[in-house]
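There are 2 protein chains.
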Amino acid sequence: MSELRQEPITGNWVIIATERNKRPSDFPARHEERKGGACPFCKGNEKLTPPEITAYREAGTHPDEPGWWIRVVPNKFPALDNKSADLAGSELPGTLWVDSKHACTSEIRHNFYTSMNGTGAHEVIVESPEHDQSLEQHNPAQIQEIFRTWRDRHRALMARAPIRYVQIFKNVGAIAGASLEHPHSQVIATPLIPTVIENELAGARSFFVDRGTCPYCEMIAHEEAVGDRLIAGNQQFIAFCPYASRFPFEITILPRRHLADFSGLDDSMLQDLSAIVKVTMQKMTTSLSRPPYNLTLHTAPAGFTEAPYYHWHLEILPRLTIVAGFEWGTGIYINPTPPETAARYLRETAI
Amino acid sequence: MSELRQEPITGNWVIIATERNKRPSDFPARHEERKGGACPFCKGNEKLTPPEITAYREAGTHPDEPGWWIRVVPNKFPALDNKSADLAGSELPGTLWVDSKHACTSEIRHNFYTSMNGTGAHEVIVESPEHDQSLEQHNPAQIQEIFRTWRDRHRALMARAPIRYVQIFKNVGAIAGASLEHPHSQVIATPLIPTVIENELAGARSFFVDRGTCPYCEMIAHEEAVGDRLIAGNQQFIAFCPYASRFPFEITILPRRHLADFSGLDDSMLQDLSAIVKVTMQKMTTSLSRPPYNLTLHTAPAGFTEAPYYHWHLEILPRLTIVAGFEWGTGIYINPTPPETAARYLRETAI
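Line by line, the protein sequences give chains A and B. 343 is the number that the numbering used here gives to position 343 of the first sequence; each next residue is one higher, with no gaps. 212 is the number that the numbering used here gives to position 212 of the second sequence; each next residue is one higher, with no gaps.
For the record, the hints were derived by calculation from the structure and aren't laboratory data. Just so you know, these numbers come straight off a predicted model, no measurement behind them. For every residue, glycine included, the Cβ atom is placed at its ideal position computed from N, Cα and C. Be a bit skeptical, because a hint or two may be false.
[As the list claims (entries may be wrong)] Partial pick of chain A residues on the chain B-facing surface, computed with a CB cut under 10 Å:
{"#": "1", "residue": "A59"}
{"#": "2", "residue": "G60"}
{"#": "3", "residue": "P63"}
{"#": "4", "residue": "A178"}
{"#": "5", "residue": "R246"}
{"#": "6", "residue": "S287"}
{"#": "7", "residue": "Y333"}
Make the full structure from the sequences, and use the hints.
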């Protein structure tokens, strides 16, 4: 079972994925699947994955058989999972205690360090039976089905103790961390609120206390007034290159309506979300010749779903630059393409 | 001139390196120098760099000519530099103001976003006239000279307004961001305290308030008591795989003596620092077959050099895994090699 460990000074958490237990000779392994091998996510190869958790499939077809258009399966090498815990630690004797805030997750406080069981979930959403169909190439109806699945898995996992956050994301291209080429998203449910989200919540709350408004609502108004970082928009969403983009061609997609919790996505929003993702991603992949990228959902953790200062949003991070010593040492990213320049290229890219 | 921009919600800063102004067709550029081209850092090619800032060189030899064993030059494409500023902004009208905290750095507060001139410095320390001699292969005297140069540049730049922090780091290997193969370190001086360092200071201060001790001093005592994450030690330094390692084979090197500011490094410490870096890096490069890595210095910013709760330290980050969507979305790193396993391999690696 994996273990969550907290860095004692900054409070940042890491997942020690003990089941992988990689040795020096196991690195590097940076390749996508062998082209010759059977793809476990393709139609007809359903037996190559663990049994499916759920699927959108044609009436009359059976689990783990063809007939599906979206399929959700457990990750074969879960970073976090819901197995029962073995809490034997290697540290000096500490106190084992159950923290009511963390429900049934046990947290161990050693005399110096803190750790927690790696309880959670790690699922894969196979976005299509077709191997070569990337997100933006689908018809709008299929993209809606993908985000509907995101929402449904989000709702299902957030309802489960001790889950406090559900991270949904996509890695595309080996450089961006994809180990399989077949289009898929991943879902990792964590028993704690991740640092990135906690920082957003804390900053947004502080803005709200100072000015009485949600900073994301303000950002939408400001971006529309300025205009030079806008990429696309429709009735319910806006896509732009953020003012402090860490990466060249970084993109944020925000719902116009104030909504902290992604689970609140309704059918009319699904339609507009799918439309703006399709157009934005088409522009991005055309302009940059199908770059590797990461796409991540940011949404409210348990307890913050009604926060008046938070908006769920999507971040699209093309992986064109390398994160190196300066970034690791400082947290300051060096971006060689001003977001105004990136947005202009994306706006002007015909699709 | 570069521009520092602040993300309005988290407060994180980025550097928009406008002089690079990369277009879509400029990506990807992930290669080290062309093997055929002349290396600007090799002995005899001194004219290929901007004029040197300083050098350790034989008596009677002249700047920008051979005879040096360490040479410091300006970065040709500085992320930050000390040119005078042109503050024309693309935002809606804002207030231009000079903040006394930031000395002569002007900060612009727009009606929504905040930015600052990219004032600072960006230097390259060429660690040897030889192209193929990596850090751990040098004799101990040369390694001392390298860290002496780090210290001297740190002292020189910290004395300059509006500098508040000096980040020294090394990128080795194209995957780790090195654009030139010839062994070198880089120095970037910033007009603000970087987030990573501010988070360490805040966490360490809070630990000190709670318990009355420096958390780094406590960590040294704890690691020595437990022992299973230790790699090497000498009279003045300790090297270990940190408890919450984000990366496989991540290494921290800490001075045993409580010292917040790297500038305080004296000659006896230089000797022990050079010895522990040599042995630790030899073990790391042998065990992992010369992996790409980043090495970063963490030290006290201006105003915190006497902090009773902070220790300067080195972090060595082998780049064997890929930072992907989950890490960007959450800040939680998935590490497939427990630090106890990594440390055992490193301890047992004969050099």
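Structure-based check of each hint:
no.	hint	in the structure
1	A59	33 Å, violated
2	G60	35 Å, violated
3	P63	27 Å, violated
4	A178	8 Å, holds
5	R246	5 Å, holds
6	S287	5 Å, holds
7	Y333	5 Å, holds
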